[in-house]
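Visitor: Taken in order, these protein sequences are the chains called U and D.
With our numbering applied, the first sequence covers 2 to 201.
With our numbering applied, the second sequence covers 1375 to 1782.
Hints were generated in silico from the structure; no laboratory data involved.
Only pairs whose alpha carbons sit at most 30 Å apart, straight line, appear in this in silico DSSO-like list of lysine-lysine: (1) LYS65(U) to LYS103(U); (2) LYS1601(D) to LYS103(U); (3) LYS155(U) to LYS65(U); (4) LYS1601(D) to LYS96(U); (5) LYS1729(D) to LYS1716(D); (6) LYS1716(D) to LYS162(U); (7) LYS1601(D) to LYS100(U); (8) LYS1414(D) to LYS6(U); (9) LYS1601(D) to LYS1540(D); (10) LYS80(U) to LYS103(U); (11) LYS1633(D) to LYS1677(D); (12) LYS1633(D) to LYS1716(D); (13) LYS65(U) to LYS162(U); (14) LYS155(U) to LYS1716(D); (15) LYS80(U) to LYS1716(D); (16) LYS1601(D) to LYS65(U); (17) LYS162(U) to LYS1633(D); (18) LYS65(U) to LYS100(U).
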Amino acid sequence: MINQKLNYSAALFFAFIVLSVAFCQLTSRGFDASNAQVADMLSETELFSYADLHQAITASKKDKFLIVDLRERSLFNEKHLPGAINIPKQELLNKQHQKALKTGNTILLYAGQEHLAVAAQTLLFSQGYEAVRVIPGSFESIRMHILEGFNPAKAFYSSDKAQFEFPRFMSVQAIQPKEGSQENPLFPDAPESTPIPGGC
Amino acid sequence: MAPFIPQGLINPELTLFFALILGIGFGYILEQAGFSSARKLAGVFYGYDFVVLRVFFTAGITAMTGLMFLGYLGWVDLSLLYVNPTYLYSAIVGGVIMGFGFILGGYCPGTSFVGAVIGKVDAMVFIVGSLIGIFIFGHFYSTFEPVYTGNFLGHIHIYDSLGISKSWFAFMLVVVALIAFMLTQMIEDRVNNISTEAIATRPSYRLPTLLLIAAVFIFLFLPDERKSRMSEVSAEVLMEEVFGDAAYVSTQRVIHQIKNQHNNLILIDARSREEHEYFSLPGAVHVTADDVLNRGWRNLFRKDHRMKVFFSNGSSEATKAFMTARRAGYDNIFIMDGGLNKMFYELFVDIQDDKITSTNLQERSTARFLRDARIFFLEGGIAPRDLEERKVIQAPEQSEIIPVIGGC
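Please construct the entire structure, taking both the sequences and the accompanying hints into account.
Guide: Printed below as a string of structure tokens:
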């Protein structure tokens, strides 16, 4: 005996799942890591300091890294880090360059400006690469503090560190706090979350 | 995207109203399944009726596969679902007590109310008994407390404890459930002396069983959440924007906004909380790359049509936040080129006041603009065009996420 209703329901359930998964695959944007995963990787991955870079270049650790210069070919040909390969940033996702990146080594990126290397790192994370780090600063700072002699004072340099005592230069406030009020109206306290008790 | 109450899509004050509606539905289904009968409920212990096992196993695997699938589609945020805390001692002791109570009285706490509502006196007495038990527990709580709160393992998931993935656990549970259905049917038939002829006339469950196993089998090859969504921007578009000029806003434009107290840009500080609290640009809201995907900021990025400008000390943190937000499909977002370091360098270090008298119009205007801005920021000296009370630049508010405590 056949239970028609149950069979139709089960077939419908199965078809819904298969079609939904197929639709998701077809409309995929081709990323190999979700946006949330990439955001986590960005927050967990630290910059590759000049101290580490100096060690990587001078000691026997060169083989563990793949150094990628993201600048244009003409700039790369003028000067670059020893052992670096050149992948202009606009060509980062080209298939032939993707093959060159799949060596299994940690990829170290540098560019004309630090934030461009950070952008390239984000793109590579989204393509499924996991071991990708950014060499801080621009090539100019790398040249000054590494190639022309390691400068220990700049061992942990980053162009994203504050270079000024900002409050000393800016006294303007867009909103004046009310007298006697402890609250800073520019940055109001985050609203407290409301726990909802419940249960059986 | 569910769940709705923690994200404020349904007013949290309506929680009890929805609890009432769901409770009515749950009670109706229990009564329809025959769970108001103590004989039927106790049948699972005597082997003549396993309806309790079949109904609850079915409910469990249906909810489990549904949630997993909706989580994969991105329609439910599984991290916002409440997971009961595990207190091992009280779970074991309470389970033993409930087992005794179930087989002696023929009801569990929920089904006793179902029976009582339709007039069963034994169910009413069961409820009185449970209230007495609750009173005794409350009265002597200090004695029971070490057991009640002992061996707290946290809000754990069984698949984490077993060291397997969520998908594998789901697949194994479905297989176990289906095997349990077959075995319990066999036990029922034997205990109730059902004839072979009667068994042969039953509908076949082969096709639904195979389809369900196949559906859950698919989950083994799916990630917990989709790696890529239709609403996202492609990697090629991202690359073109961030490596071109389209993603950047000049520091002078931001200076102009602050100086003239316009409200055309939303300034977003992507640096750490400590740096933001120490100093930030007037009216800036604090959203790091980690927070961009937070539901609370969705209204800011989706519904507010002003330009959103990320900034940091340089441009690196701002770029991370920009990439995350832009990939999520948010429009009209930019990076302040060079960050605060460049802004302050232009305003206070690279002073070119000598160009105020330049013959080149652009150099003259820029030099004058920067000089006026420098005076404004240092002294608050130059009044805005509007000489009345300064307009207030309000930081946009973040919608709150409301944690839900409680569950069955």
